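Generate the whole structure from the sequences, applying the supplied hints.
Once you know that position 130 of the sequence shown is 130 in UniProt numbering, the rest is easy, because the numbers rise by one and skip nothing.
These aren't lab readings, by the way, just hints derived from the structure by calculation.
The structure displayed is predicted, hence computed values, not measured ones.
Take these hints with a grain of salt, some might be off.
Now the in silico label distances, taken between C-beta atoms and shown as ranges [as the list claims (entries may be wrong)]: (1) G172 x D379: 37 to 43 Å; (2) G293 x E248: 43 to 49 Å; (3) R277 x E174: 20 to 26 Å; (4) S246 x P271: 35 to 41 Å.
We put the CB at the ideal spot given by N, CA and C, even for glycine.
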Amino acid sequence: PFWLKRQEVCLQFMVFGAANVVLRPWSSTSLTWRRTTRARLLLCGIPLQLLPMAGVAGPATLHEAAPLCVADSATPARVGCLARAAGVSKRVRGEADAGVPFGDGHFEAKLISSTSASGSTLVLSSPQPVTPGHKLVIPRRVVPRTADLTDTEFDDLWRTVRAAAAASHGGGAEAVNVALPDGPAAGQPVPHVHAHVVPRRPGDFQVNDDVYEAIEAWQPWPAAGDAETTAKKLEVPPDGERRSRSPEEMAAEASSYREVLAAMGEVEQSPLPQQQRFAKIVLDAGQLFFASGTGLTVAFVNLKPLVPGHVLVVPRRPVALLLDLDEEELVDLFRSVRTVQRVVEGQHGATASHLGIQDGRAAGQSVPHVHVHILPRQDGR
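This is the structure we're talking about:
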């Protein structure tokens, strides 16, 4: 049941077990209760505009960008997340008949798991799942590159990716791999932006890094693999086999990016921080080359790059998972990814990029600090 209280929505649902819990939507709201073995909890503070309704007592749609998270307040560990309240869903009229456009083909409408509140982003169950629960997050509008999305569409895409990742964590996955092949040279099988959200559990791959090969080999349907591609397989050697670069090498690369950014007058930047931690690691100041105008995000060159131009974009605040970011941090992080991607692609003559996130240890995250990998790719290289 739900009802209106002024301009907010309240949701009531059941929880089990005894602990102090914090339920927070992705907003400034954070409420705490002491609960007993079985209790009803009332969550308020969800803005009304995030819950369009067909009537006070009728079906409603909870904004997928606002998963509800139940966390033990005594520890930072999350107990579980709900991507949306039970029984709450959104149906798009006409979609069942036409199917869902994906590049030059279509997915069956029954694969739709959810849509964003704006309706501009869809979450689909992958027809060829890499692991159980594999989702695809796509913009409704058919465009080949993230650069072709409007700012509003771009922000909505990544909010929805975060919501899908939160749902995977809440559904029992210990981690999530997020991968977006941005362009044909990055192995994109169909010219339509799509992000893979792949739930991970310990032991699901004999070699953890094999997940990247499985994602790269993914095809939406058999015929998609028949198209000519300029992509070369991305080699991911074990970390121990990758050469560490010297501080001088990294500083020279970072300096070249700073020069490009300085020439891009439209990019708002903050002074580079005097010290930046990557979880517990204190980065060499020479590695840094970008700080967003808000100061919430920085970018730095990689100690052990997989390809020339492989860089990392991170929130300044050291948090482990995407669902730990607040709304401002999330938007700022991916707007910064967009800027940095343009810089490194231009500097290296790339026509595409791999964007990747290891959201949790079981996904291969070796440093517990959210970080987005940008790997620029060139045709045939």
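Quick rundown of the hints versus the structure:
| no. | hint | in the structure |
| --- | --- | --- |
| 1 | G172 x D379: 37 to 43 Å | holds, 40 Å |
| 2 | G293 x E248: 43 to 49 Å | violated, 29 Å |
| 3 | R277 x E174: 20 to 26 Å | holds, 24 Å |
| 4 | S246 x P271: 35 to 41 Å | violated, 25 Å |
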